[in-house]
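Hey, can you work out the whole structure from these sequences and the hints?
Listed below, chain by chain, are the residues.
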Amino acid sequence: MTKLRDWRGHAILALAARLYLAAIFLFACWHKILQPAAFALDIATYQILPLSLVNPLAIVLPWVELAAGLLLLLGFRTRAAALLVAGMMVMFTVAISIAVAKGLDMSCGCFASQGSAEDPISWRTILRDASWLLLAAYIFIFDRRPLGLDRLYGRRKSAASQEPS
Amino acid sequence: MPGIEPVAVRLVPLYSLRVAARDALLVLVVCAGAGAATNALRPGGIAFVQRSEYEILVPCPEGSGDAQAIPADDPAVWDTRTLLVDARSAVEHQRWHPTGSIAIPFDYLEPTSPEQVRRIASSGAGRVVVFGDGGNPDSGEQLAREIAGKGIRNVRFVAGGAPPLERAASVRGAQ
Chain A
0 MTKLRDWRGH AILALAARLY LAAIFLFACW HKILQPAAFA LDIATYQILP LSLVNPLAIV
60 LPWVELAAGL LLLLGFRTRA AALLVAGMMV MFTVAISIAV AKGLDMSCGC FASQGSAEDP
120 ISWRTILRDA SWLLLAAYIF IFDRRPLGLD RLYGRRKSAA SQEPS
Chain B
0 MPGIEPVAVR LVPLYSLRVA ARDALLVLVV CAGAGAATNA LRPGGIAFVQ RSEYEILVPC
60 PEGSGDAQAI PADDPAVWDT RTLLVDARSA VEHQRWHPTG SIAIPFDYLE PTSPEQVRRI
120 ASSGAGRVVV FGDGGNPDSG EQLAREIAGK GIRNVRFVAG GAPPLERAAS VRGAQ
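Residue numbers (numbering that gives the first Met the number 0), protein chains in the order written: chain A, 0 to 164; chain B, 0 to 174.
Check before you lean on any hint, since a few could be wrong.
To be verified - Listed next, the in silico EDC-like pairs over lysine to aspartate or glutamate satisfying Cα-Cα at most 20 Å (straight line):
(1) B:149 to B:106
(2) B:149 to B:65
(3) A:101 to B:54
(4) A:101 to B:109
(5) B:149 to B:109
(6) B:149 to B:114
Don't read these hints as lab results, they were simulated from the structure.
Have a look at this one:
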């Protein structure tokens with residue numbers, strides 16, 4: 000277990016995973032922030048949430064995606080960002096699985112609204128989301144802060160604690 | 000889970016998990032505030048709670064069967080044992096239709112009623128040939144697949160729909 004945890008390659012792999020997920024989430028949040036009405040319709044199309052929860056989710060979720068993407072990109076509060084991404088991926092995977100099981104012929108709404116219908120949901124979408132969930136878990140567990148604000152902040156903190164009083 | 004917990008704790012200390020959860024919760028609260036404020040201030044903002052149902056148009060899974068295309072001039076189309084079904088609108092059916100054909104206008108939103116399917120089933124025909132508007136998608140092909148999916152056997156649809164069928168009918172009439 001210690002060997003697995005201390006492997007040096009995790010630093011590079013987790014950094015790559017971090018930047019990859021950051022790019023995905025920053026790209027995904029864009030149309031949702033610009034077109035909240037279209038995103039609300041996307042959520043409603045899944046026919047899972049009660050009507051009263053559709054709009055609050057459409058208003059808040061894109062901002063959580065933006066925040067998680069920015070935090071991952073900057074390497075600040077990386078574990079919190081990975082936790083948020085993992086939570087969202089669980090939510091998306093469950094929603095898409097239900098829609099696929101129902102046989103709904105619809106777009107995922109992940110990167111564009113239903114109108115464009117270029118990203119139809121399927122078991123492949125579920126696998127994709129599950130792989131992103133695994134990436135988020137990997138970052139959460141193995142990120143070594145090779146680059147980012149967490150590292151900078153950590154150095155300053157340790158330097159401050161070593162200063163003679 | 001006594002076996003798993005120590006492994007998880009060794010990989011991520013409980014303290015880190017607690018800090019990450021706290022930070023994540025903080026981010027959630029800030030995002031909720033930012034989202035609500037932006038939505039309230041922007042011109043195209045949406046109501047925080049939706050009052051009327053969203054008009055969702057998602058095709059539901061309908062039983063779709065196998066139906067092959069058949070050329071309009073194929074003798075089987077004009078065979079006496081063939082039931083010709085017009086999938087076009089009632090107006091188009093009124094304008095022209097082959098003698099003996101029945102009208103079952105295809106609706107892209109509503110499934111064909113069981114009564115109409117029974118009407119086809121009880122016709123005693125050995126073959127069902129559906130023709131539609133010939134568009135893309137062709138209403139004839141759609142209806143043919145739908146009724147084939149509902150248990151009607153030996154269903155075909157006219158390739159190109161009503162226009163080639165009308166031409167074929169006039170050629171046959173001239174002969």
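Results of checking the hints against the structure:
1. B:149 to B:106: holds, 16 Å
2. B:149 to B:65: Satisfied, since the Cα-Cα distance of roughly 11 Å is no more than 20 Å.
3. A:101 to B:54: This hinted pair holds, its Cα atoms lying about 18 Å apart.
4. A:101 to B:109: holds, 18 Å
5. B:149 to B:109: holds, 14 Å
6. B:149 to B:114: holds, 12 Å
In this structure, none of the earlier numbered hints is contradicted; all agree with it.
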